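**Student:** Following the hints, put chain B in place on chain A, whose structure we already have.
Chain by chain, the residues:
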Amino acid sequence: MKWLTAERLRLLVPALSLVVLLAAVFYLQPRTMSYTGLNLLFNLAVPIALATIAQMLIMTVNDLDLSMGTFVSFVACVTATFLQTDPLTGALILVGCIAVYAGLGVIIHLRNLPSIVVTLGMSFVWSGLAVLLLPAPGGVAPDWIRWLMTSKPPLVPMAIVASVLIAVIAHFLVMRSAFGVVIRGVGGNERSVARAGWSVVRARAATYALAGFFAVLSGICLVGLTTSADANIALRYTLLSIAGVILGGGEFVGGRVSPIGAVIGALTLTLAASFLSFLKIPPDWQIGAQGAILIIVLALRLILNRRESVEKAK
Amino acid sequence: MNLVVRLLAKPWIWAFVAAFGVWLATILFTGGASTLGLSQAALTFAAFSIIVGLGQMFVITLGPGNVDLSIPATMTLAGTVALKVMDTNNDLIVAGIAATLAIGIAIGIANYGLIKLLRIPPIIATLSSSFIVQSTAIWYNRGIRIKPPAYLAEFSTASTLGIPNVAIVALVISIVAWVLLEKGIYGRWVSAIGQNMRAARLAGVPVDGVRFATYVFCAVLAALCGFLLSCFSGGAALNMGAEYLLTSIAVVIIGGTAVAGGFANVPGIWGASLFLFLVVSMLNTYGASAGVRLLLTGLIIIAVIIAASRKQTV
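Residue numbers (the working numbering), protein chains in the order written: chain A, 514 to 827; chain B, 27 to 340.
Quick caveat, the hints were computed from the structure, so don't treat them as lab data. Be aware that one or more of the hints could be misleading.
As the list claims (entries may be wrong) - Restraint-style ranges between C-beta atoms, simulated for each label pair:
1) Y166/B / T549/A: 34 to 42 Å
2) I131/B / L601/A: 54 to 62 Å
3) V653/A / A51/B: 35 to 43 Å
4) V532/A / V120/B: 48 to 56 Å
5) R32/B / L748/A: 37 to 45 Å
6) V120/B / L792/A: 37 to 45 Å
7) G235/B / P796/A: 38 to 46 Å
8) G63/B / S664/A: 46 to 54 Å
9) K142/B / G767/A: 17 to 25 Å
10) L524/A / Y177/B: 53 to 61 Å
11) G616/A / D113/B: 53 to 61 Å
Unchecked claim - In silico EDC-like cross-links for lysine to aspartate or glutamate, where the CA-CA straight-line distance does not exceed 20 Å:
12) K110/B / E180/B
13) K110/B / E764/A
14) K36/B / E208/B
15) K142/B / E764/A
16) K173/B / D113/B
17) K173/B / D117/B
What the hints assert, rightly or not - Partial list, derived from the structure: chain A residues whose beta carbon lies under 10 Å from chain B:
18) A537
19) Y540
20) L668
21) Q803
22) I808
A quick note: this is a predicted structure, and the numbers were derived from the prediction, not measured. From the three backbone atoms N, C-alpha and C, an ideal C-beta is built for every residue, glycine too.
Bound conformation, chain A alone (with noise of 0.2 Å):
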């Protein structure tokens, strides 16, 4: 059983839920085992999928960003209006927009103002210039971001390869490059890396930069799949993104994350919803048996981080 390291215990459960749900969807309606089918199926996760491991980052140094949603809203309307007609604008409001997330980095850290207060001011400024941006749902998703978005590269669909991709980028970034083991380290005890001659405040405005960063990604993968934009269009990301790093064994504090994990969560939660569709579950109780999905998933987890400790005190 050496194989089986915490860190590899902590990914068990989300990927078990996921198999789970994936041969459940696969039970009820056999025509998603299919190159079309799988696309379909996941299509939609992969901005999700973006947007929590943006949300990760931040939690990765104790934060929570509640601005996530109202962001992403910001992202694809920018990405439907002015990165359509005039790219390079476009391409600089939202390199403005990483400087803005990096600049609320250093003054959370510096003013040491709590992250959700600031990111809850924050999403009614996005959501403001997003109103302002497309005050009715329209633009046009530029055609490359569409191309790419529908592209089906041979045997494994687009969706899964994207997922596979962020998974791998995220993981190397956050838990095999130097960068990775900093901003965790804040996240554990940030005193000690003040200590050892890091700078926190430096760490903090990267991990936010990156979480913008990937925010950004979020907001324009998601417009080359809906091909247009509305200033509502991510809302629900905020607490997705949240509900998908733990659902992936994320916890709020101690820097201990993974994104491998997040990503899987992030599927589960897209694949929970098709699975409630294809089980014919009366539209009143969607929402409330998505919830008791997100319980259920919890509780196991709970049971096998029970096994966890009991084979530390072995």
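**Tutor:** Only chain B this time, still in chain A's reference frame:
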């Protein structure tokens, strides 16, 4: 002079200073024509945020990670069920209030049950339960809009001695909360748990009992607020609680309650609730569009938080 210095040291003073400033800016713009109307409207609408804010305040004071996201769903369910129970009949008002309280207590018990038994973070536990509660409300409501009993509709929209009745209700609840927090052992216990749960447990504080009571208290206040709001607005709507999710957190933090827990205050909730409503009505008076209004609300919230913050001391 001494008094001024002592007042300035209070954490809640900034919320009141900000609220007064915005109030002054609005009535100066209209030449004092709307002073009475604006003050009454501010008290009325702030009352609803105050009632949910008080419950959220106790929950947040329990320490990092404690927050109740089921407030909007609880408000919706309580409003819908109570109005259906009363069925516009003045004689059934007591039954309606009983139903409201029962719903609050049941949701509070369910929330804490999930947190305790499944050991999941409160943010996820209350999020999952809110999905189920919301579904129940959708299923129960069936799109029918029932009017509140005439007596309640009259009570919730009228004023006594120029003060809106809902504001008086909020005042009574605030006084109870203040006594609980400042004069009773319960408030000491909540703060002790928020400062250090382990130390509190070792000191003999009944940690589980206090946390349980706090989640129930918060859900009951949310249910009451939903009840009052549905009477005030002439019927329950399925999305009527939505805006109170962010508002309930924002008023607690702007009011000077520590977001990391362990330190709460009641007056700040009043200052912050009045401030948030007055900002929106000021921007309305200036004729700002929806986008500008959101944008400025966000910027003002962030500015107030930065102004009230202290520099990093580490």
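**Student:** Does each hint fit the structure? Answer for all of them.
**Tutor:** Consistency of the hints with the structure:
| no. | hint | in the structure |
| --- | --- | --- |
| 1 | Y166/B / T549/A: 34 to 42 Å | holds, 39 Å |
| 2 | I131/B / L601/A: 54 to 62 Å | holds, 59 Å |
| 3 | V653/A / A51/B: 35 to 43 Å | holds, 41 Å |
| 4 | V532/A / V120/B: 48 to 56 Å | holds, 53 Å |
| 5 | R32/B / L748/A: 37 to 45 Å | holds, 43 Å |
| 6 | V120/B / L792/A: 37 to 45 Å | holds, 41 Å |
| 7 | G235/B / P796/A: 38 to 46 Å | holds, 40 Å |
| 8 | G63/B / S664/A: 46 to 54 Å | violated, 59 Å |
| 9 | K142/B / G767/A: 17 to 25 Å | holds, 21 Å |
| 10 | L524/A / Y177/B: 53 to 61 Å | holds, 59 Å |
| 11 | G616/A / D113/B: 53 to 61 Å | holds, 54 Å |
| 12 | K110/B / E180/B | holds, 18 Å |
| 13 | K110/B / E764/A | violated, 41 Å |
| 14 | K36/B / E208/B | holds, 15 Å |
| 15 | K142/B / E764/A | holds, 16 Å |
| 16 | K173/B / D113/B | holds, 8 Å |
| 17 | K173/B / D117/B | holds, 14 Å |
| 18 | A537 | violated, 19 Å |
| 19 | Y540 | violated, 24 Å |
| 20 | L668 | violated, 36 Å |
| 21 | Q803 | holds, 6 Å |
| 22 | I808 | holds, 5 Å |
Violation of the numbered hints given earlier is confined to hints 8, 13, 18, 19 and 20; the remaining hints are satisfied by the structure.
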